[in-house]
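There are 2 protein chains.
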Amino acid sequence: MNQPANKNYARLCEHFQSISHFEHLGALGDWDQAAMMPVGGGEVRGAAMAELAKHIHSLKTATMLAPTIAEAELEELNWQQKANLREIRYQYQQANIVPGSLVEAKTKAAYRCEQAWREQRNQNDWQGFKPNLESVLALAKEEADIRAAALNISPYDALLDKFEPGMTSGRLEQIFGGLKSWLPGLIEQVQDKQKHQARYAIPHAASDAQALFSRDVMTLLGFDFNHGRLDTSSHPFCGGVASDVRLTTRYDEADFTSGLMGVVHETGHAKYEQGLPLDWRGQPAGLARSMAIHESQSLFCEMQLGRGSAFLALLQPKLKQRLDCNLSHDQLLNIYSRVTPGNIRVDADEVTYPCHILLRFEAEKALVSNQLAVSDLPDFWSAQMQSLLGINTDGDYKNGCMQDIHWAVGEMGYFPSYTLGAMYAAQFRVAMEQQLGSVETLIANGELSSVMGWLNDNIWSKGSLLTTDELALQATGETLNPAHFKQHLIQRFSA
Amino acid sequence: MNQPANKNYARLCEHFQSISHFEHLGALGDWDQAAMMPVGGGEVRGAAMAELAKHIHSLKTATMLAPTIAEAELEELNWQQKANLREIRYQYQQANIVPGSLVEAKTKAAYRCEQAWREQRNQNDWQGFKPNLESVLALAKEEADIRAAALNISPYDALLDKFEPGMTSGRLEQIFGGLKSWLPGLIEQVQDKQKHQARYAIPHAASDAQALFSRDVMTLLGFDFNHGRLDTSSHPFCGGVASDVRLTTRYDEADFTSGLMGVVHETGHAKYEQGLPLDWRGQPAGLARSMAIHESQSLFCEMQLGRGSAFLALLQPKLKQRLDCNLSHDQLLNIYSRVTPGNIRVDADEVTYPCHILLRFEAEKALVSNQLAVSDLPDFWSAQMQSLLGINTDGDYKNGCMQDIHWAVGEMGYFPSYTLGAMYAAQFRVAMEQQLGSVETLIANGELSSVMGWLNDNIWSKGSLLTTDELALQATGETLNPAHFKQHLIQRFSA
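Residue numbers (the numbering used here), protein chains in the order written: chain A, 30 to 524; chain B, 30 to 524.
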């Protein structure tokens, strides 16, 4: 019999290919329930998604995996195959820690909580939301405790590790502590500087026209509509799978500017997904590296690129055409450079955004370590908003602790990825400019594709073949270095 | 230990509840690929759906089923539980006949063929479609042969049995032979009668306005938008699950009349799904009875009810309001009573429609029994259309043998259900009128809900608790009797 040399590795690949097919259906279910599903479909869908989660979990913890992985590690593999095997092992270990019954219970509770949250948030109904959040949090804590015991780390660190492998609250406290030392001063300084700047009225823009304009912008950024689509949902996100990326946004007719940058942000995520290595589709090594790296791509598009002068110059004539908007390039630049402390994280400018993350990081840590009860969350929120951004959110749950989808679906430990992503984005830009010259000049010269090409070559096409540190090191010559983000903000806002 | 009395039966219920969750995801995938998915997503989706089909097949053929079913049959069950067990056994037997590898291959081939068909049909590209259809047909034949051997019936009968348990080509030849004896004469007679009737121009109607009007009509028919939605697709269908029914339609701006009755038709399917017994959701006994009964509900809505005078009187003022359409009630009635032989099955009137089914029934039988090659299908089609409806379809594949989705997705043996459904619809109406009086009078008196109530009580709420014959017998006092359909057509069109 002619046995393939790497039969154990090949068997693992086949198994994880199957898993990716079920994950495909899960991604579709997630997208659908946020963008399409009528509310009455939620109960049965929740049960179906929980069943699916349980099945995927059973596949990832199949008894054949441990011995097959051990055998595969003795086989002759090239470096990409070794990387894929490393990711397979990681997925197996991660799944094996948590019992299937907990996975199912978590999925069910998350669906129930999120479905209700969609309406409760509109109604500012904290009392309705609270017990659901408590259920979701209890399960998140149960998972955190199990993971913490298995990995010998703290419960909150065990949640962080799900989204950003290897990241710890100790390291985050260091990074965020650094931020806290200079960011409040910068915010004050920029606000002072912008105090006397003119304010421009945003013209009304119909949702239909914004939808067409959004497609223009996505096309400009190279989004492949043959492998994806754009819809609306109450909380914008990028979902689906690499071969079929599902973006959502929302349109505010009174202010198109936030939705527009939301689309640019989500398109950054989408470009990453669409650029993942074709040869590794369906394998763990073909997945996006981590949540921080994912956010680095959306924030690169939104912040580094989208709010820059050259990109806004590309948008300005299209804005005139699609939205009948007469804002000049200078006015757009003014609007998109404005620093204004506000309630809503997703609407925050680049400078105040990290404050929203600092708050959530502290709240998550406290919730998971039982130092904060859900019932005390609104007061904690308001106090932190007061201290960080001078805003009182008493009684305004809708624009306070009920604004985000993350906790409603049980994703505790995700928020730090946003600010880590902003830091990686700044770091990638510095490296890119060392090789290609100024990003602003490239775009002004019609070479946006060179910018995208660099991201494709250095980030997207790597999938998970490299570890996060290897990826950063190969792309930029160093691992995460928060100094670039500080430098970027100072240069853009206070120079 | 306190053992439940029916522990084997309970275990089967739990198992089939799981299966229904995976089928939920399959229904979502089907709807999405027809209504939402970009073409480039098709390849990976096809693989995911094939994986899912294989998994569902493995659940339906689990080794525990045979002994557990045997044990459950000895347990004390009430009549509904016995009916559910009968349906469980039937599903197990059906699945057990066909190997999982064939299920997977069929799903893959169907997805590939259908995805390509969507564009090939637009392009009238028979040469492109032919090899895909040959692949799909080869697998359908393989399935037919396996089923035929197991059930000791002919291959084509084995396919019929999937959609209409117990139906045979012998019985269909008898029923359809009866049709052939009087239908051509009726068509000629009605055309002659209508020859001098005025023809009314259909006003242009924007798609957006038609979409709003479609929702009005669905609401009028009692569609529950909290448990379903309406979208567009190139081939209208009713999909999703009972708790979340997904209808699709298409809008022709030059002629809204066909799309409108398409919506009424699909809403008939949807009402059946939404009316299935809540207590049996997720169990085989809670599913719709058969394809013919399903079509009886859509055709009851579209033909018995939708094209009747009283229902059109309800629509007329709304048509004026939403579509700025000035057609009078008489003119609408004239339009919807018009009998005109045409190419397209889904656009056919009530009288010529069965001819489209006769053609497809003959073609399917011949294809499956190797008496007709795919390459000869267009000629066969054109000859039959010529003979049945006096229409030449030479070279017009798009409006000929490429018009339907059914064969593209490997559904051979489905088409007869449409005409069986029309016959059941006529039979149900007779029984309903014996109990409630004239349907036309009920609607004219604002009692459409009584009509729906009868269908709910006698058909929808029964799910699969009764066999098809039991259902017809309880509802109408007899099993399928094609005489009512003949009587209906004669009364409506030639009286």
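Wrong hints could be hidden among the right ones.
Copies of one chain are not kept apart here, so a pair can be met inside one copy or by any two copies together.
[Unchecked claim] Below, a list of computed lysine to aspartate or glutamate pairs in the DMTMM-like style, where the Cα atoms sit at most 20 Å apart:
| no. | residue 1 | residue 2 |
| --- | --- | --- |
| 1 | 137 | 43 |
| 2 | 349 | 104 |
| 3 | 515 | 245 |
| 4 | 170 | 59 |
| 5 | 209 | 440 |
| 6 | 224 | 281 |
| 7 | 83 | 100 |
| 8 | 137 | 190 |
| 9 | 209 | 499 |
| 10 | 111 | 308 |
| 11 | 137 | 52 |
| 12 | 191 | 378 |
| 13 | 83 | 148 |
Treat the hints as calculated values from the structure; they're not laboratory data.
Status of the hints after comparison with the structure:
| no. | hint | in the structure |
| --- | --- | --- |
| 1 | 137 <-> 43 | between (29 Å within a copy, 17 Å between copies) |
| 2 | 349 <-> 104 | neither (60 Å within a copy, 74 Å between copies) |
| 3 | 515 <-> 245 | neither (32 Å within a copy, 56 Å between copies) |
| 4 | 170 <-> 59 | neither (23 Å within a copy, 37 Å between copies) |
| 5 | 209 <-> 440 | neither (24 Å within a copy, 64 Å between copies) |
| 6 | 224 <-> 281 | neither (26 Å within a copy, 55 Å between copies) |
| 7 | 83 <-> 100 | neither (26 Å within a copy, 28 Å between copies) |
| 8 | 137 <-> 190 | neither (23 Å within a copy, 37 Å between copies) |
| 9 | 209 <-> 499 | neither (28 Å within a copy, 75 Å between copies) |
| 10 | 111 <-> 308 | within (15 Å within a copy, 51 Å between copies) |
| 11 | 137 <-> 52 | both (17 Å within a copy, 18 Å between copies) |
| 12 | 191 <-> 378 | neither (27 Å within a copy, 59 Å between copies) |
| 13 | 83 <-> 148 | neither (28 Å within a copy, 38 Å between copies) |
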